[in-house]
Amino acid sequence: GNSVTQMEGPVTLSEEAFLTINCTYTATGYPSLFWYVQYPGEGLQLLLKATKADDKGSNKGFEATYRKETTSFHLEKGSVQVSDSAVYFCALSMVGAQKLVFGQGTRLTINP
Amino acid sequence: DTAVSQTPKYLVTQMGNDKSIKCEQNLGHDTMYWYKQDSKKFLKIMFSYNNKELIINETVPNRFSPKSPDKAHLNLHINSLELGDSAVYFCASSRARGNEQFFGPGTRLTVL
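As you go down the protein sequences, you meet chains A and B in turn. So in this note's numbering the end of the first sequence lands on 340, straight run, no missing numbers. So in this note's numbering the end of the second sequence lands on 1326, straight run, no missing numbers.
Hints were generated in silico from the structure; no laboratory data involved. Because the structure is a prediction, the values reported are computed rather than measured. Heads up, a few of these hints could be off.
A few chain B residues facing chain A, derived, Cβ under 10 angstroms [said to hold, decoys possible]:
1. Val1218
2. Pro1222
3. Gly1242
4. Lys1254
5. Lys1258
6. Ser1262
7. Cys1305
8. Ala1306
9. Ser1308
10. Arg1309
11. Gln1315
12. Thr1324
Positions of the beta carbon are idealized from the N, C-alpha and C atoms, including for glycine.
Looking at chain B on its own, in the form it has when it is part of the complex (with noise of 0.2 angstroms):
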């Protein structure tokens, strides 16, 4: 009964490699995001999608890109990482904006 899911759950990789996170909310929802959490706990919203439209992007790099196949999943796709991309990444999805967000366990993401 997970409400959102988020897989891997860690990722070690390489810099410069490509690498996806997948997200999946069984909620109902219509609205996902994407949250970056940097070695001190800091949480900064990067992507919003409302019914598979793109609404926020909070000057996240190109080499960020979010994709939306549904309304129950929003991938996230990364090229050419880069150190300082290693960070715990959130997905979170919510009935309509402004309301309660639900997340998911988040993926640690290790840039070598």
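Just chain A, with the same shape it has in the complex (with noise of 0.2 angstroms):
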């Protein structure tokens, strides 16, 4: 079946570092790929998507590609605040498919 992997949490970086979150997935087919971020106490946003190979999805300094080589979405920002501190989560989504298939989360703390 279809599946997200995130690289395991929780991250805690300094203020102004570089921010990488692993994802890859395993789909039978090509999935349209999502980060979505869930701030204390909140629900869902949409971070970023992507629908097709090598598209690159960006949104708040944040970015990711579609990688279908590596079957891969990384997220990656340049220098993180004290505000990104959230859940991310990695998701994938078929054409056609009435659901989001998310990996486990990657909780994130910032310190200033």
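Each of the two chains sits in its own frame; use the hints to bring them together as a complex.
In structure tokens:
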């Protein structure tokens, strides 16, 4: 079946550090890929997405590139802020499907 | 201008009780979903409805019964609550299959 694997957390960084959260997927076919973010006490918000190979999604300084050859969609940000502290979820959805398949989530804490 | 709303936000109840969680979306979407987030933050699809028709039921116990009175609403009724039902339940909606999903703020259910 389809699945998503994220790097183990929690991840703790200092402000202005470079961030990478790894995400790889297994899918029969070509999924759409998403990063969602969950701030403390809130629901999930879409951070960025990519719908086909080599697409780059970007938002709020975060970027992720859909790599078909490595089945990956790693999340990166050049300089993190305290306000980026949250849980980040990588997810996939197959065309015509009715659900998102999520990774296990990575908790990110940014210290001032 | 809330997009996807859920009530209640918190629900504390005793084992064996029956409870309902309501979800409404004002985005004009055709598809609605229920997800369960466990204590380790893992998110998994429970149900999906498309135009009031059940599309996905992911091996959820019969004690859980979704009801969609119209396209804008998807309620979740739970009978004979068990300790293991304690979780955060998220409602979501999307325009079509495989598209971006918009999430509600979640309902934290605690079964004592």
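- Under 10 angstroms, Cβ to Cβ, is where Ser1262 of chain B needs to be relative to chain A, so tell me if that hint holds or is violated. This hint holds: Ser1262 of chain B lies near chain A, its Cβ roughly 4 angstroms from the closest one there, short of 10 angstroms.
- Task: For the hint on Ser1308 of chain B, just tell me whether its beta-carbon gets within less than 10 angstroms of chain A.
- Result: Result: holds, 9 angstroms to nearest chain A Cβ.
- Message: Quick check on Val1218 of chain B please, does its C-beta sit within 10 angstroms of some C-beta on chain A?
- Response: 8 angstroms, holds
- Given Cys1305 of chain B was flagged as interface, is its beta-carbon under 10 angstroms from a beta-carbon of chain A? For Cys1305 of chain B, the interface hint holds, since the closest Cβ of chain A sits about 9 angstroms away, which is under 10 angstroms.
- Item | Hint check: 10 angstroms Cβ-Cβ cutoff, Lys1254 of chain B to chain A | 7 angstroms, holds
- Task: With chain A as the partner, please determine if Gln1315 of chain B meets the hint condition of a C-beta pair closer than 10 angstroms.
- Result: 6 angstroms, holds
- Item | Proposed interface contact between Pro1222 of chain B and chain A, which counts if any beta carbon pair is under 10 angstroms | For Pro1222 of chain B, the interface hint is violated, since the closest Cβ of chain A sits about 14 angstroms away, which is over 10 angstroms.
- Query: How about Thr1324 of chain B: closest beta carbon in chain A under 10 angstroms, or not?
  - Reply: Violated - the Cβ of Thr1324 of chain B stays beyond 10 angstroms from chain A, reaching only about 15 angstroms at its closest.
- Agreement of hint Ala1306 of chain B with chain A interface, Cβ distance less than 10 angstroms: Hint holds; Ala1306 of chain B Cβ to chain A Cβ min 8 angstroms, cut 10 angstroms.
- Task: Against chain A, run the beta carbon of Gly1242 of chain B and see if the smallest gap drops under 10 angstroms.
- Result: 17 angstroms, violated
- Message: Under 10 angstroms is the threshold here; is the Cβ of Arg1309 of chain B close enough to any Cβ of chain A for the hint to stand?
- Response: 12 angstroms, violated
- Hint check, Lys1258 of chain B versus chain A [nearest Cβ-Cβ separation less than 10 angstroms]: 7 angstroms, holds
Going down the numbered hints, you'll see the structure goes against 2, 3, 10 and 12, while the others check out.
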